Amino acid sequence: MFNKFRTSFLAAPYAVWVLICTILPLLYILGYAITNDAGTLTFANLLAITDPVHLKSLWLSVEIALSTTVICLIIAYPVALILHNLKISNKGFVVFLFILPMWMNFMLRILAWQIILSNNGILNNMLSAIGLPTIHILYTKAAVTLGMIYDFLPYMILPIYNALSKINDQVIEAAADLGANWWTTFIKITVPLSKDGIISGIIMVFVPALSSFVVSNLLGGGKVLLIGNVIEQEFTLARNWNLGSGLSIILMIFVLLSMSIMNRIDDSENGGMLV
Amino acid sequence: MEFIQFDHVSKSYEKQLILDELDLSVKENSFVTLLGPSGCGKTTTLRLLGGFEKPDSGKIYLNGNDITALPANLRPINTVFQKYALFPHMTIEENIAFGLNIQKKSKDYIDDKIKYALKLVNLDGFEKRSIDSLSGGQQQRIAIARAIVNEPKVLLLDEPLGALDLKLRQNMQYELMKIKQELGITFIYVTHDQEEALTMSDTIVVMNQGYIQQIGTPEDIYNEPENAFVADFIGESNIIEGIMIKDELVSFLGVQVPCVDKGFGTMKPVDVVIRPEDVELDAPGKGFMDGTITDCLFKGVHYELDVQCGEYEWLVHTTKYFEVGQNVSLNVIPFNIQIMNKPESEDEEVMKEDV
Numbered sequence: 001m002f003n004k005f006r007t008s009f010l011a012a013p014y015a016v017w018v019l020i021c022t023i024l025p026l027l028y029i030l031g032y033a034i035t036n037d038a039g040t041l042t043f044a045n046l047l048a049i050t051d052p053v054h055l056k057s058l059w060l061s062v063e064i065a066l067s068t069t070v071i072c073l074i075i076a077y078p079v080a081l082i083l084h085n086l087k088i089s090n091k092g093f094v095v096f097l098f099i100l101p102m103w104m105n106f107m108l109r110i111l112a113w114q115i116i117l118s119n120n121g122i123l124n125n126m127l128s129a130i131g132l133p134t135i136h137i138l139y140t141k142a143a144v145t146l147g148m149i150y151d152f153l154p155y156m157i158l159p160i161y162n163a164l165s166k167i168n169d170q171v172i173e174a175a176a177d178l179g180a181n182w183w184t185t186f187i188k189i190t191v192p193l194s195k196d197g198i199i200s201g202i203i204m205v206f207v208p209a210l211s212s213f214v215v216s217n218l219l220g221g222g223k224v225l226l227i228g229n230v231i232e233q234e235f236t237l238a239r240n241w242n243l244g245s246g247l248s249i250i251l252m253i254f255v256l257l258s259m260s261i262m263n264r265i266d267d268s269e270n271g272g273m274l275v
Numbered sequence: 001m002e003f004i005q006f007d008h009v010s011k012s013y014e015k016q017l018i019l020d021e022l023d024l025s026v027k028e029n030s031f032v033t034l035l036g037p038s039g040c041g042k043t044t045t046l047r048l049l050g051g052f053e054k055p056d057s058g059k060i061y062l063n064g065n066d067i068t069a070l071p072a073n074l075r076p077i078n079t080v081f082q083k084y085a086l087f088p089h090m091t092i093e094e095n096i097a098f099g100l101n102i103q104k105k106s107k108d109y110i111d112d113k114i115k116y117a118l119k120l121v122n123l124d125g126f127e128k129r130s131i132d133s134l135s136g137g138q139q140q141r142i143a144i145a146r147a148i149v150n151e152p153k154v155l156l157l158d159e160p161l162g163a164l165d166l167k168l169r170q171n172m173q174y175e176l177m178k179i180k181q182e183l184g185i186t187f188i189y190v191t192h193d194q195e196e197a198l199t200m201s202d203t204i205v206v207m208n209q210g211y212i213q214q215i216g217t218p219e220d221i222y223n224e225p226e227n228a229f230v231a232d233f234i235g236e237s238n239i240i241e242g243i244m245i246k247d248e249l250v251s252f253l254g255v256q257v258p259c260v261d262k263g264f265g266t267m268k269p270v271d272v273v274i275r276p277e278d279v280e281l282d283a284p285g286k287g288f289m290d291g292t293i294t295d296c297l298f299k300g301v302h303y304e305l306d307v308q309c310g311e312y313e314w315l316v317h318t319t320k321y322f323e324v325g326q327n328v329s330l331n332v333i334p335f336n337i338q339i340m341n342k343p344e345s346e347d348e349e350v351m352k353e354d355v
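Note that the protein sequences, when read in sequence, are chains H and V.
Mapping of the first sequence onto this note's numbering: position 210 corresponds to residue 210, and the numbering continues sequentially without gaps.
Mapping of the second sequence onto this note's numbering: position 62 corresponds to residue 62, and the numbering continues sequentially without gaps.
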């Protein structure tokens with residue numbers, strides 16, 4: 001009894017932390033979301049998502065977040081696999097090189113892309129140098145997606161790499177021993193056993209990509225309006241905190257919804273594996 | 001050519017030579033144990049046969065075919081790994097069916113095989129259970145079942161009982177022998193446990209530092225060790241430096257004792273090996289040498305005694321109790337004195353055995 005009391009007592013600072021930094025702000029946002037500036041109860045801020053402009057932004061956000069996640073996964077899995085299979089003693093250093101960009105300022109990296117992709121930028125200079133027509137990629141959906149992929153790739157590589165590292169080498173050898181070729185081993189053993197890493201990678205890329213607004217600000221130049229941008233503008237320019245909060249709540253519900261769909265896909269995948 | 005043949009196989013890791021020109025042949029349907037201390041090359045030999053490693057030089061033949069370059073998944077060989085290596089995301093049934101599914105066997109065939117294999121390893125009815133719900137011993141049985149359903153020509157076992165406790169290990173030894181009889185395939189077994197090797201094998205290959213020290217039946221290896229390493233590694237021994245005076249007469253620790261060995265020449269330095277259970281204790285003056293009991297430990301079946309005779313301390317097993325401090329004499333019948341050539345240099349100590 002005393003023990004139980006003491007352990008919960010030790011958790012108290014964290015409870016306070018969670019209360020002050022998570023629960024209270026959330027309640028505040030919820031409070032703003034369901035009232036107007038006069039303070040009367042209304043659902044208009046939540047229903048504002050049905051406004052075609054907002055719906056279009058939300059849809060665009062989902063589209064870009066999805067393609068970012070898928071492309072990150074396609075790039076990150078082979079990279080993680082190659083990193084894992086590297087037969088060098090200094091593997092840690094190579095992994096470190098991959099996460100090194102994460103240590104540099106996020107804005108700086110995106111600004112660098114702005115310069116690379118601009119009409120007179122490095123990319124177009126290189127294209128014209130080899131006699132190809134220049135492209136106007138800056139301030140397009142493609143530029144925003146590219147920026148997000150660049151930014152979020154390490155968050156996909158690391159969890160997958162970690163998951164691969166946890167697979168017992170003997171298990172892979174056992175699959176070969178039982179007659180499986182490389183591909184069968186990969187599909188039936190490696191991928192299912194690295195599933196946890198794939199799922200955390202997807203969550204760590206998809207969720208921030210869905211609500212990001214900085215990348216689209218800098219590389220979309222106001223022409224690519226994501227739901228994150230809309231919310232940001234409601235708070236900073238329009239000073240309509242109620243509408244901003246309402247859209248935030250909707251976005252949050254959306255994130256939770258997509259994560260629960262992911263979990264269901266994950267479960268049914270498991271079910272499929274059983275057959 | 002024998003069923004399995006290693007022909008001058010060498011392998012090194014990071015410039016360290018593990019196997020040096022190994023020659024080894026194994027008869028079909030035999031139970032061969034590779035025995036030796038860690039780092040002796042026994043596991044590497046097994047991994048080369050399984051296809052998990054490629055030799056730097058030399059050839060490996062199975063049933064007359066050169067399999068040196070054949071990848072693991074195409075060899076008619078299955079392995080029971082040291083740490084079981086079951087697929088943690090699959091049920092027991094799926095684990096066992098893994099190899100059969102790859103061979104595209106029919107569902108009925110697979111179901112029958114799973115039933116048969118689970119019965120063979122005494123785990124009937126475990127089909128739907130998960131791997132996590134099994135004890136170490138049960139997991140090892142599943143690993144055996146998963147390997148044998150593929151009807152391999154050779155089953156490789158890499159210290160499969162190493163992680164189990166003593167009692168379970170002994171039970172599993174008998175079960176493995178039973179399974180071996182039932183299947184009638186070749187077993188290649190790797191262990192550092194000499195008791196396991198002596199109990200189960202038809203043939204023991206004693207290895208040290210990448211060389212084969214001796215190949216023989218368990219009886220041969222135990223009773224007639226060919227060098228001091230084998231004598232020391234298999235069971236406990238008194239290994240004493242001596243001089244072979246002439247045929248059937250050896251001198252050690254200042255006494256001359258008759259033996260049965262011949263052909264060593266005259267006045268040749270040799271190693272004399274005497275098993276502790278072959279030393280008989282008697283009243284002082286009655287044996288070839290007198291000594292004092294310095295230690296007496298009860299070991300269940302026998303007492304383990306240390307007998308100090310001048311400079312040398314003998315290890316003796318008796319069924320009779322002796323007081324510490326008691327004076328005794330030692331006797332050994334000539335047949336139980338084993339004479340071995342003494343290596344003349346360090347290099348020769350890791351002697352190469354040509355087969």
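Note that these hints are calculated values from the structure, not bench results.
Note that the structure is predicted; figures quoted are calculated from it, not measured.
Hints are supplied without guarantee of correctness; some may be wrong.
[Claimed, not checked] Distance condition first, Cα-Cα at most 30 Å in a straight line; then the derived DSS-like pairs of lysine-lysine:
hint: 1; chain 1: V; residue 1: Lys262; chain 2: V; residue 2: Lys299
hint: 2; chain 1: V; residue 1: Lys27; chain 2: V; residue 2: Lys246
hint: 3; chain 1: V; residue 1: Lys104; chain 2: H; residue 2: Lys188
hint: 4; chain 1: V; residue 1: Lys113; chain 2: H; residue 2: Lys188
hint: 5; chain 1: H; residue 1: Lys166; chain 2: V; residue 2: Lys128
hint: 6; chain 1: V; residue 1: Lys320; chain 2: V; residue 2: Lys342
hint: 7; chain 1: V; residue 1: Lys59; chain 2: V; residue 2: Lys119
hint: 8; chain 1: V; residue 1: Lys54; chain 2: H; residue 2: Lys87
hint: 9; chain 1: H; residue 1: Lys188; chain 2: V; residue 2: Lys342
hint: 10; chain 1: V; residue 1: Lys83; chain 2: V; residue 2: Lys59
hint: 11; chain 1: V; residue 1: Lys15; chain 2: H; residue 2: Lys188
hint: 12; chain 1: H; residue 1: Lys87; chain 2: V; residue 2: Lys105
hint: 13; chain 1: H; residue 1: Lys188; chain 2: V; residue 2: Lys27
hint: 14; chain 1: H; residue 1: Lys195; chain 2: V; residue 2: Lys128
hint: 15; chain 1: V; residue 1: Lys59; chain 2: H; residue 2: Lys87
hint: 16; chain 1: V; residue 1: Lys54; chain 2: H; residue 2: Lys188
hint: 17; chain 1: V; residue 1: Lys119; chain 2: H; residue 2: Lys188
hint: 18; chain 1: H; residue 1: Lys195; chain 2: V; residue 2: Lys107
hint: 19; chain 1: V; residue 1: Lys83; chain 2: H; residue 2: Lys195
hint: 20; chain 1: H; residue 1: Lys91; chain 2: V; residue 2: Lys128
hint: 21; chain 1: V; residue 1: Lys113; chain 2: V; residue 2: Lys59
hint: 22; chain 1: V; residue 1: Lys299; chain 2: V; residue 2: Lys268
hint: 23; chain 1: H; residue 1: Lys91; chain 2: V; residue 2: Lys105
hint: 24; chain 1: V; residue 1: Lys54; chain 2: H; residue 2: Lys166
hint: 25; chain 1: V; residue 1: Lys104; chain 2: H; residue 2: Lys195
hint: 26; chain 1: V; residue 1: Lys83; chain 2: H; residue 2: Lys91
hint: 27; chain 1: V; residue 1: Lys153; chain 2: H; residue 2: Lys188
hint: 28; chain 1: V; residue 1: Lys83; chain 2: H; residue 2: Lys166
hint: 29; chain 1: V; residue 1: Lys83; chain 2: V; residue 2: Lys104
hint: 30; chain 1: V; residue 1: Lys167; chain 2: V; residue 2: Lys262
hint: 31; chain 1: V; residue 1: Lys128; chain 2: H; residue 2: Lys188
hint: 32; chain 1: V; residue 1: Lys83; chain 2: H; residue 2: Lys87
hint: 33; chain 1: H; residue 1: Lys195; chain 2: V; residue 2: Lys105
hint: 34; chain 1: H; residue 1: Lys166; chain 2: V; residue 2: Lys342
hint: 35; chain 1: V; residue 1: Lys113; chain 2: V; residue 2: Lys128
hint: 36; chain 1: V; residue 1: Lys167; chain 2: H; residue 2: Lys188
hint: 37; chain 1: V; residue 1: Lys83; chain 2: V; residue 2: Lys167
hint: 38; chain 1: V; residue 1: Lys246; chain 2: V; residue 2: Lys342
Right, here's what the structure says about each hint:
1. Restraint check for Lys262 of chain V and Lys299 of chain V: the C-alpha separation of about 36 Å exceeds 30 Å, so the hint is violated.
2. The hinted pair formed by Lys27 of chain V and Lys246 of chain V fails the criterion: a straight-line CA distance of about 39 Å is larger than 30 Å.
3. Between Lys104 of chain V and Lys188 of chain H, the direct Cα distance comes to roughly 15 Å. Compliance with the 30 Å bound is thereby established for this hinted pair.
4. Note on Lys113 of chain V and Lys188 of chain H: the hinted pairing holds, with a Cα-Cα distance of about 21 Å set against a maximum of 30 Å.
5. As the CA atoms of Lys166 of chain H and Lys128 of chain V are separated by approximately 25 Å, the hinted pair is consistent with the 30 Å bound.
6. A distance of roughly 34 Å separates the Cα atoms of Lys320 of chain V and Lys342 of chain V; the hinted pair therefore is violated under the 30 Å criterion.
7. Restraint check: the Cα-Cα separation between Lys59 of chain V and Lys119 of chain V comes to about 38 Å, which exceeds 30 Å; the hinted pair is violated.
8. Of the supplied pair hints, the one linking Lys54 of chain V and Lys87 of chain H holds, its CA atoms being roughly 16 Å apart against a limit of 30 Å.
9. Proposed proximity of Lys188 of chain H and Lys342 of chain V is contradicted: the alpha carbons are some 55 Å apart, above 30 Å.
10. For the hint pairing Lys83 of chain V with Lys59 of chain V, the CA-to-CA distance comes to about 28 Å; that is within 30 Å, so the pair holds.
11. Taking the CA atoms of Lys15 of chain V and Lys188 of chain H, the gap is about 35 Å. The hint is violated against a cut of 30 Å.
12. Under the criterion of a C-alpha separation no larger than 30 Å, the hint pairing Lys87 of chain H with Lys105 of chain V is inconsistent with the structure, at around 36 Å.
13. Of the pairs offered as hints, the one joining Lys188 of chain H and Lys27 of chain V is violated, with about 36 Å between alpha carbons and a cut-off of 30 Å exceeded.
14. At roughly 22 Å between alpha-carbon atoms, Lys195 of chain H and Lys128 of chain V fall within 30 Å of each other, so this suggested pair holds.
15. Proposed proximity of Lys59 of chain V and Lys87 of chain H is supported: the alpha carbons are some 25 Å apart, at most 30 Å.
16. Note on Lys54 of chain V and Lys188 of chain H: the hinted pairing holds, with a Cα-Cα distance of about 25 Å set against a maximum of 30 Å.
17. This hinted pair checks out: Lys119 of chain V and Lys188 of chain H have alpha carbons roughly 26 Å apart, not beyond 30 Å.
18. With a CA separation close to 28 Å, the supplied pair Lys195 of chain H and Lys107 of chain V stays within the 30 Å bound.
19. For the hint linking Lys83 of chain V to Lys195 of chain H, the alpha-carbon distance of about 22 Å falls within 30 Å, and the restraint holds.
20. Annotation: proposed proximity of Lys91 of chain H to Lys128 of chain V is violated, straight-line Cα distance about 39 Å (limit 30 Å).
21. A distance of roughly 34 Å separates the Cα atoms of Lys113 of chain V and Lys59 of chain V; the hinted pair therefore is violated under the 30 Å criterion.
22. Taken as a hint, the Lys299 of chain V and Lys268 of chain V pair is broken in the structure, with Cα atoms around 37 Å apart against an allowance of 30 Å.
23. Distance check on the hinted pair: Lys91 of chain H and Lys105 of chain V sit about 41 Å apart at the alpha-carbon level, beyond 30 Å; violated.
24. With a CA separation close to 25 Å, the supplied pair Lys54 of chain V and Lys166 of chain H stays within the 30 Å bound.
25. For the suggested pair Lys104 of chain V and Lys195 of chain H, the alpha carbons sit about 26 Å apart, so the restraint of at most 30 Å is met.
26. Under the criterion of a C-alpha separation no larger than 30 Å, the hint pairing Lys83 of chain V with Lys91 of chain H is consistent with the structure, at around 25 Å.
27. Distance check on the hinted pair: Lys153 of chain V and Lys188 of chain H sit about 25 Å apart at the alpha-carbon level, within 30 Å; holds.
28. Pair hint Lys83 of chain V plus Lys166 of chain H holds up; C-alpha atoms about 15 Å apart against a cutoff of 30 Å.
29. With a C-alpha separation of about 27 Å, the suggested pairing of Lys83 of chain V with Lys104 of chain V holds against the 30 Å cut-off.
30. Our distance criterion of 30 Å between C-alpha atoms is broken by Lys167 of chain V and Lys262 of chain V, whose separation comes to about 43 Å.
31. For the suggested pair Lys128 of chain V and Lys188 of chain H, the alpha carbons sit about 19 Å apart, so the restraint of at most 30 Å is met.
32. About 23 Å separates the Cα atoms of Lys83 of chain V and Lys87 of chain H, which keeps this hinted pair within 30 Å; it holds.
33. Among the hinted pairs, Lys195 of chain H with Lys105 of chain V is consistent with the structure: their alpha-carbon atoms are about 28 Å apart, no more than 30 Å.
34. About 49 Å separates the Cα atoms of Lys166 of chain H and Lys342 of chain V, which puts this hinted pair outside 30 Å; it is violated.
35. The straight-line distance between the Cα atoms of Lys113 of chain V and Lys128 of chain V is roughly 15 Å, inside the 30 Å bound, and the hint therefore holds.
36. Distance check on the hinted pair: Lys167 of chain V and Lys188 of chain H sit about 36 Å apart at the alpha-carbon level, beyond 30 Å; violated.
37. Distance check on the hinted pair: Lys83 of chain V and Lys167 of chain V sit about 18 Å apart at the alpha-carbon level, within 30 Å; holds.
38. Our distance criterion of 30 Å between C-alpha atoms is met by Lys246 of chain V and Lys342 of chain V, whose separation comes to about 15 Å.
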